[in-house]
Amino acid sequence: MRQFYDLLVANLKMTVRNKQALFWLFVFPLILMGLFGIVFNGGQATPRLGIVDRDNTPESHKIMEGFEKAQIIKLYEVSELKDAKKRLRAGNLDGVVVLPVGFSKDLKQAIAENDERRARQMAGENPDSVESPPKVKVDLYYDPSATFVSQVVRGSVANVLGSVDRAVSRSPTLLGLKSHSVRLTNLRYIDFLVPGIIAMTLMNSAMFGLAGTIVNYRERGILRRLKVTPQPLALFLAAQITNQMLFSILRALLLIGAAWLFFDVHVLGSYFALFVVIIIGSLAFVTIAFSVASFSRNREISDTLSNIITMPMMFLGGVFFPVDTAPAWIRPLIKALPLTYLANAMRDVMIKAEPLSAISYDLWVLVATTVVFFIISFKLWRWE
Amino acid sequence: MNTIEVKDLSKAYVDLKAVDNVSFEVAQGEIFGILGPNGAGKTTTLEMIEGLRRPDSGEIKIKSISVWPNPGATKELIGVQLQTTALFDYLTVREMLALFGSFYRRVLNAAQIDELLEAVSLVDKEKARVNELSGGQQQRLSIALALVNDPEVVFLDEPTTGLDPQARRSLWDVIRKINKEGKTIVLTTHYMEEAEVLCGRVAIMDAGRIIDINAPKKLIEGLGAEVKISFQSSHDVALDDLKKQTEASETSVFEGQYVLYTKDVQTSIIGLFDMAKADNFKVENLHISGANLEDVFLQYTGKGLRD
Ligand SMILES: Nc1ncnc2c1ncn2[C@@H]1O[C@H](COP(=O)(O)OP(=O)(O)OP(=O)(O)O)[C@@H](O)[C@H]1O
Ligand SMILES: [Mg+2]
Numbered sequence: 020m021r022q023f024y025d026l027l028v029a030n031l032k033m034t035v036r037n038k039q040a041l042f043w044l045f046v047f048p049l050i051l052m053g054l055f056g057i058v059f060n061g062g063q064a065t066p067r068l069g070i071v072d073r074d075n076t077p078e079s080h081k082i083m084e085g086f087e088k089a090q091i092i093k094l095y096e097v098s099e100l101k102d103a104k105k106r107l108r109a110g111n112l113d114g115v116v117v118l119p120v121g122f123s124k125d126l127k128q129a130i131a132e133n134d135e136r137r138a139r140q141m142a143g144e145n146p147d148s149v150e151s152p153p154k155v156k157v158d159l160y161y162d163p164s165a166t167f168v169s170q171v172v173r174g175s176v177a178n179v180l181g182s183v184d185r186a187v188s189r190s191p192t193l194l195g196l197k198s199h200s201v202r203l204t205n206l207r208y209i210d211f212l213v214p215g216i217i218a219m220t221l222m223n224s225a226m227f228g229l230a231g232t233i234v235n236y237r238e239r240g241i242l243r244r245l246k247v248t249p250q251p252l253a254l255f256l257a258a259q260i261t262n263q264m265l266f267s268i269l270r271a272l273l274l275i276g277a278a279w280l281f282f283d284v285h286v287l288g289s290y291f292a293l294f295v296v297i298i299i300g301s302l303a304f305v306t307i308a309f310s311v312a313s314f315s316r317n318r319e320i321s322d323t324l325s326n327i328i329t330m331p332m333m334f335l336g337g338v339f340f341p342v343d344t345a346p347a348w349i350r351p352l353i354k355a356l357p358l359t360y361l362a363n364a365m366r367d368v369m370i371k372a373e374p375l376s377a378i379s380y381d382l383w384v385l386v387a388t389t390v391v392f393f394i395i396s397f398k399l400w401r402w403e
Numbered sequence: 038m039n040t041i042e043v044k045d046l047s048k049a050y051v052d053l054k055a056v057d058n059v060s061f062e063v064a065q066g067e068i069f070g071i072l073g074p075n076g077a078g079k080t081t082t083l084e085m086i087e088g089l090r091r092p093d094s095g096e097i098k099i100k101s102i103s104v105w106p107n108p109g110a111t112k113e114l115i116g117v118q119l120q121t122t123a124l125f126d127y128l129t130v131r132e133m134l135a136l137f138g139s140f141y142r143r144v145l146n147a148a149q150i151d152e153l154l155e156a157v158s159l160v161d162k163e164k165a166r167v168n169e170l171s172g173g174q175q176q177r178l179s180i181a182l183a184l185v186n187d188p189e190v191v192f193l194d195e196p197t198t199g200l201d202p203q204a205r206r207s208l209w210d211v212i213r214k215i216n217k218e219g220k221t222i223v224l225t226t227h228y229m230e231e232a233e234v235l236c237g238r239v240a241i242m243d244a245g246r247i248i249d250i251n252a253p254k255k256l257i258e259g260l261g262a263e264v265k266i267s268f269q270s271s272h273d274v275a276l277d278d279l280k281k282q283t284e285a286s287e288t289s290v291f292e293g294q295y296v297l298y299t300k301d302v303q304t305s306i307i308g309l310f311d312m313a314k315a316d317n318f319k320v321e322n323l324h325i326s327g328a329n330l331e332d333v334f335l336q337y338t339g340k341g342l343r344d
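Just so you know, the sequences run in chain order R and B.
Everything in the first sequence is counted per the numbering used here, starting at 20 for the first residue and increasing by one.
Everything in the second sequence is counted per the numbering used here, starting at 38 for the first residue and increasing by one.
Mixed in with the good hints, there may be bad ones.
Chain R residues, not near chain B, derived (Cβ > 12 angstroms throughout) [to be verified]:
1) Gly53
2) Val97
3) Phe340
Some residues of chain B that are not near chain R, with every Cβ distance over 10 angstroms (derived) [as the list claims (entries may be wrong)]:
4) Val117
5) Asp126
6) Glu132
7) Tyr141
8) Ser158
9) Asn186
10) Ser267
From the structure, some residues in chain B lie toward chain R, with a derived Cβ separation under 10 angstroms [as the list claims (entries may be wrong)]:
11) Trp105
12) Thr122
13) Ala147
14) Ile150
15) Phe192
Please keep in mind that the hints were generated in silico from the structure rather than gathered at the bench.
Note that CB positions come from ideal geometry on N, CA and C, so glycine has one too.
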């Protein structure tokens, strides 16, 4: 324990005294967050949604009311779909919802079928044999290239319709339409960005900081020098990893603090969950970094490799824009990137206030990544 | 019982026999030197004893404990300075000693760190960052690091390479001081002077083999105790004539430097000056010296210590 403590303290000292490392660890992420925050946060915070009510029945009016109550979006009633589309193309609207003719009829039918279905269920019939009710069709037009705003629009529309759905399946009345969304209420680009940046720096500090340090220690013979002492290498590496995690936590807090101060970003989830995500995410990237360090003969190779690994993750891992707006052909690649899961988990905790149980899938993927790369780095490890 | 016993040690890198069937013993309290040119296999030999490189065959014991296959067993007993200094940047000299001290079972307290700093004359540098030290100071710090566990055996791989003559001499004092405290020392060097001055016994190594092991004096006496006379001349001198007139056993010339070996200095000197007078050349830069390890090495291998 004394040995571990001494090693950790020495590591902390070395990190704090390394000005260049401090820049990359703390200053750079702050600058990045600040720049993106300023550039993309200006202008409309609330997306503008056009709504075309072609049905014009009491039911459709209630839907309209539901959107009005949602408050996340600014609502514009437009009488003609053509008009609405024009305004969407001109950039005056961020999305258009269309309630088609026959909407109320469809809805009534859906309610009736649903009631029947539930009656049959109650009579003890196998639910599998019961047909699900037909979906009531509502059209949404939006511009997918304006990724962030359209994300919000889609989210809020789905949300409002979701509450309609719930109302349909639970009770035949459509009153009480209300947005249940906490998350979307305040969601701005910067809220989206901060967890992404934290996830990204977690990756980068491991990939460039840790991998580089280990390769450097090997190139300079420090690992061999350690090998002639009775000190187990595992303890030395454990101190390195702990050092890495402490700085990751510190950096996350710093970024959160700065985001709160300058952009009024609030962490909605629990700090404990955040802590767990940081630890598990760190471990995943630490083991990837060790694999890179083990594989690389020298610093040039390790830096190149780290770049090759981090670049796609930075742009496809959901740091700067939501991954579900990416084209379908690239989705499998996105799904293969550990950062996707880390950024997702981080975001779910920070801005959606999800509990750990809700992100367990992401966390398990990260744990599996850790195990795989632990084995790889162990097999590839070299002293000189 | 010897402190170190090495028997039939061999190691090859691919098809290069870096160490070829080497055997030697080092006694308790001895300073044992391994002298040889670049690539002789000195570092490889040392690092196999330190437990860093696995031998292909052979046996190594430190205080009767076999180093291989379990080098962990001897790590507390030894202190090591590797050929390339390996120090953490951003730590101070004192922090570095404390950190390495924490790696061992023996607890290193502040007073003991002071003693170490004293021993390697780094007291006034204790707060300096490691990367701010000069080469010689880093070298001395590496030696201090090899002592943090108060080891029984200290391995120094070329401790004075790259140092100026003054720094080298001060390091010799450090090494002697450590040895006086009862530590057995094994060192490698390119410098025959260093081996002569420091080592009780020297192993002469070339191309992976140990050619001879003995006290430096004995090795030189083994040459036949000839005296070396060297000089420069204003004119060319015929080597055959020179050999005849000076009754030398051997004469040679290299870049205007004439060298002759003789058992009878007086006869040779008189012969040389008689010849100079008769042939009308001037003897300049005359040196008379006893043979040294360099000559021993030359004799054994037909080449110089530093090519
Ligand atoms: N890791 C290695 N892989 C391949 N060959 C090696 C390795 N280490 C040393 N050698 C070779 O083994 C031979 C002996 O090397 P070694 O380092 O033991 O020599 P040395 O006597 O210490 O030389 P120097 O005085 O230059 O330090 C050299 O020819 C060297 O090129
Ligand atoms: Mg060497």
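Right, here's what the structure says about each hint:
1. Consistency note on R/Gly53: stated as away from chain B, and its beta-carbon is indeed over 12 angstroms from all of that chain's, at 28 angstroms minimum.
2. Listed as outside the interface, R/Val97 is consistent with that label: its C-beta sits roughly 64 angstroms from the nearest C-beta of chain B, beyond the 12 angstroms cut-off.
3. Listed as outside the interface, R/Phe340 is consistent with that label: its C-beta sits roughly 38 angstroms from the nearest C-beta of chain B, beyond the 12 angstroms cut-off.
4. With a least beta-carbon separation of about 4 angstroms from chain R, B/Val117 fails to lie farther than 10 angstroms from that chain, contradicting its non-interface assignment.
5. Remark: the non-interface label on B/Asp126 conflicts with the geometry, its nearest Cβ contact in chain R lying 7 angstroms away (cut-off 10 angstroms).
6. The beta carbon of B/Glu132 is not kept farther than 10 angstroms from every beta carbon of chain R, the shortest such distance being approximately 7 angstroms.
7. Not every CB of chain R lies more than 10 angstroms from the CB of B/Tyr141, the least distance being 6 angstroms, so the non-interface label is violated.
8. The beta carbon of B/Ser158 is kept farther than 10 angstroms from every beta carbon of chain R, the shortest such distance being approximately 22 angstroms.
9. Not every beta carbon of chain R lies more than 10 angstroms from that of B/Asn186, the smallest distance being close to 8 angstroms; the non-interface claim is violated.
10. Every CB of chain R lies more than 10 angstroms from the CB of B/Ser267, the least distance being 41 angstroms, so the non-interface label holds.
11. Annotation: B/Trp105 was flagged as interfacial toward chain R, and the flag is violated, the nearest CB pair being 14 angstroms apart, outside 10 angstroms.
12. Checking B/Thr122 against chain R by beta carbon gives a least distance of about 8 angstroms; that is within 10 angstroms, so the hint holds.
13. Evaluation of the B/Ala147 hint against chain R yields a violated restraint, the C-beta minimum of about 14 angstroms exceeding 10 angstroms.
14. For B/Ile150, the shortest C-beta to C-beta distance to chain R is roughly 13 angstroms, which exceeds 10 angstroms, and the interface hint is violated.
15. Below 10 angstroms, beta-carbon pairs count as interface contacts, and B/Phe192 has one with chain R at about 9 angstroms; its hint therefore holds.
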